[in-house]
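Just so you know, the protein sequences line up as chains C and U, in that order. Note that numbering that gives the first Met the number 0 has the first sequence beginning at 0, numbered continuously upward. Note that numbering that gives the first Met the number 0 has the second sequence beginning at 0, numbered continuously upward.
Hint data in this document are derived by calculation from the structure and do not stem from the laboratory. Be aware that a few hints might be false.
[What the hints assert, rightly or not] Pair ranges (Cβ atoms, derived):
id, chain 1, residue 1, chain 2, residue 2, range
1, C, F69, U, A110, 26 to 36 Å
2, C, P153, U, S177, 48 to 58 Å
3, U, T147, C, A25, 53 to 63 Å
4, C, H18, U, A180, 22 to 32 Å
5, C, L40, U, Q121, 18 to 28 Å
6, C, A169, U, E154, 19 to 29 Å
7, U, L145, C, L155, 21 to 31 Å
[To be verified] Computed footprint of chain C on chain U; a stretch qualifies when at least three of its residues, placed anywhere within it, have a C-beta under 8 Å from a C-beta of chain C:
id, stretch
8, 71-77
9, 84-91
10, 96-106
[As the list claims (entries may be wrong)] Facing chain C, a subset of chain U residues (Cβ under 8 Å, in silico):
id, residue
11, A26
12, L27
13, E44
14, A46
15, A67
16, P127
17, S131
18, G132
19, D134
20, Q155
21, Q158
22, A207
Computed from a predicted model, the values in this text were never measured in an experiment. The C-beta atom is built at its ideal place from N, Cα and C for all residues, glycine as well.
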Amino acid sequence: MGQGGTEPIPAAGSEPGGHGVAVLLAAAAVVAAFLGARASLVSSAASGDWQHAVRQETKRAAALVEDVRFVYSDEASAAFLVAESEILAEEYRRQAEALSGTARAALVIEARVQEALAAAVGGNFEIVTDPSYRTAEGGFDVGARLAAVRAAYPDLVAIDPDEPMDAADAAARRAVLGVGATLPVAAAFLFGALAQGFPGRRRPLLSAGFAFLALGALAGVLIEAVA
Amino acid sequence: MDVEAVQASAGRTPYERVLAALVGAAALMAALLATLEMHAGKREERALVMASRLSTAIFEGTAASGVASTFQLSVLKQSIEPGLAGAARLEASLDDPELIDVEFAIAMAQAAAQERIFAVAQAMGAPPGSDSGLDAHTVEVLNRPLETLSEVSEEQNRQVDLAERFGERSNRAVFALSLVAIAAVLLGVAGVIGRSPAGRVALVSAGAVLVLSAGWGASALAV
Numbered sequence: 000m001g002q003g004g005t006e007p008i009p010a011a012g013s014e015p016g017g018h019g020v021a022v023l024l025a026a027a028a029v030v031a032a033f034l035g036a037r038a039s040l041v042s043s044a045a046s047g048d049w050q051h052a053v054r055q056e057t058k059r060a061a062a063l064v065e066d067v068r069f070v071y072s073d074e075a076s077a078a079f080l081v082a083e084s085e086i087l088a089e090e091y092r093r094q095a096e097a098l099s100g101t102a103r104a105a106l107v108i109e110a111r112v113q114e115a116l117a118a119a120v121g122g123n124f125e126i127v128t129d130p131s132y133r134t135a136e137g138g139f140d141v142g143a144r145l146a147a148v149r150a151a152y153p154d155l156v157a158i159d160p161d162e163p164m165d166a167a168d169a170a171a172r173r174a175v176l177g178v179g180a181t182l183p184v185a186a187a188f189l190f191g192a193l194a195q196g197f198p199g200r201r202r203p204l205l206s207a208g209f210a211f212l213a214l215g216a217l218a219g220v221l222i223e224a225v226a
Numbered sequence: 000m001d002v003e004a005v006q007a008s009a010g011r012t013p014y015e016r017v018l019a020a021l022v023g024a025a026a027l028m029a030a031l032l033a034t035l036e037m038h039a040g041k042r043e044e045r046a047l048v049m050a051s052r053l054s055t056a057i058f059e060g061t062a063a064s065g066v067a068s069t070f071q072l073s074v075l076k077q078s079i080e081p082g083l084a085g086a087a088r089l090e091a092s093l094d095d096p097e098l099i100d101v102e103f104a105i106a107m108a109q110a111a112a113q114e115r116i117f118a119v120a121q122a123m124g125a126p127p128g129s130d131s132g133l134d135a136h137t138v139e140v141l142n143r144p145l146e147t148l149s150e151v152s153e154e155q156n157r158q159v160d161l162a163e164r165f166g167e168r169s170n171r172a173v174f175a176l177s178l179v180a181i182a183a184v185l186l187g188v189a190g191v192i193g194r195s196p197a198g199r200v201a202l203v204s205a206g207a208v209l210v211l212s213a214g215w216g217a218s219a220l221a222v
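Okay, chain C solo, but in the shape it has when bound:
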């Protein structure tokens, strides 16, 4: 009997089956540590992919907004002015054909003013200078121009934030399942502890412990392979 009424701590493994308990507990600790570490790595990967999805979303949005701004605010506005001026010039000339003298001259001057305006406003905007953007009505195909501007940077157009998002969701699921796989391992630890406290039932408790340990290890393997 120890001093102060305390029970002496027996030497490790001095009781029958004590080695079994030690092995079970140690194995449970190792398996739990491995599963936890693996889940932690996968969880970190999930976080990284989610942040990547946010960056991709921002990049895609910024590229789209800038292309739309450039085409609609810069080019299309000027292109509409050109179309308006050209149509007015055509109609002035058409009306001038039925007239003569000063009246005819006046309309021709109006037409030339509109033509000069169209030339000045159109400038070097590709939507105006490239005939492929002309429409039959005398306007310009803004949609086709926007498509061409967007196509200049195909990498930006191809950005899909849902890809890293889906990968992150899958990784997060694996991480949660990975940590969940430590539950049977913890149950194995519980049975190991109970086997030590209830030596009369040591054999069935150890058997249950090893079974749960195997279940936890198998769960960890299946999560890696299937999830």
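Starting from the known structure of chain C, fit chain U onto it as the hints suggest.
Okay, now just chain U, sitting in the frame of chain C:
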């Protein structure tokens, strides 16, 4: 968990049995709470990411469609100017018969031009469709009705609320895990001291802390 504490409880006294059982229970509690925390933490993180993405989507929608809508309104307004100018010209020229022929011809040209210019404005201002060669995302953004942005905003708010809820759950799980760690220390002390008044105090305290941890962990599920 504390392997030595379990090894230390080699015996048949109720003290050692309770100690062994509590050590095992602490291990199980730790695994449960770790799973709960991981799940809640990941859900919170995902909700925050979604809220951030939806904010960007709202900006993208309002900025892009705003520019396109402004252009559309602008060209439609501009397209009616020639006709208005022609009408005003005619009215003004009625006072001067010498100019009426010229002004009438100009006004007729402007009226004819307006019809064509209006058609061009409608065509150029219309949101581009999938036949324009644009990618699906750009077409979707430019054709999205403004009303849908309020739905996106509502979803964003929902994600923020979700993040808050799972964040609270994660915090409670973490605190419960801290309590398990404290209980494990007390169990270790109980194992080292052995069966004595001090040991019993440590053992009972450990049990109480474990119960508190279980309760706190359970309260996390209620969030």
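* To do: Verify the interface restraint on U/P127: the C-beta must sit less than 8 Å from at least one C-beta of chain C.
  => 3 Å, holds
* Using the C-beta atoms of C/P153 and U/S177, is the stated range 48 to 58 Å upheld? -> 51 Å, holds
* To do: Return holds or violated for the Cβ distance of C/L40 and U/Q121 against the range 18 to 28 Å.
  => Given about 57 Å between the Cβ atoms, the range is violated.
* **Minimum beta-carbon distance criterion (8 Å), U/D134 to chain C** => Cβ of U/D134 sits 5 Å from chain C, so the hint holds.
* Asked: Regarding C/H18 and U/A180, is the given constraint of 22 to 32 Å on their beta-carbon distance met?
  -> Holds, since C/H18 and U/A180 (Cβ atoms, about 29 Å apart) stay within the stated range.
* Asked: For the hint on U/Q158, does the least C-beta distance to chain C fall short of 8 Å?
  -> 13 Å, violated
* Asked: When the nearest CB of chain C is found for U/L27, is that gap smaller than 8 Å?
  -> It holds, given that the least Cβ distance between U/L27 and chain C is near 5 Å, below 8 Å.
* Asked: Is the interface hint for U/G132 satisfied, with its Cβ closer than 8 Å to some Cβ of chain C?
  -> Check passed: Cβ of U/G132 comes within 4 Å of chain C, closer than 8 Å.
* **Satisfaction of the hinted span 21 to 31 Å by the C-beta atoms belonging to U/L145 and C/L155** => Check passed, 25 Å falls within 21 to 31 Å.
* How does the coverage statement for the stretch 71-77 of chain U fare against chain C, requiring three or more residues with Cβ below 8 Å from a Cβ of that chain? -> As far as the stretch 71-77 of chain U goes, the hint holds, because 3 residues have Cβ atoms under 8 Å from chain C.
* Can we keep the U/A207 interface hint, with Cβ of chain C closer than 8 Å? -> Nearest chain C Cβ about 19 Å off; hint violated.
* With 8 Å as the cut and Cβ atoms as the points, is U/A46 at the interface with chain C? -> With a minimum Cβ separation of about 10 Å from chain C (threshold 8 Å), the hint on U/A46 is violated.
In this structure, the hints that do not hold are numbers 5, 9, 14, 20, 21, 22, in rising order.
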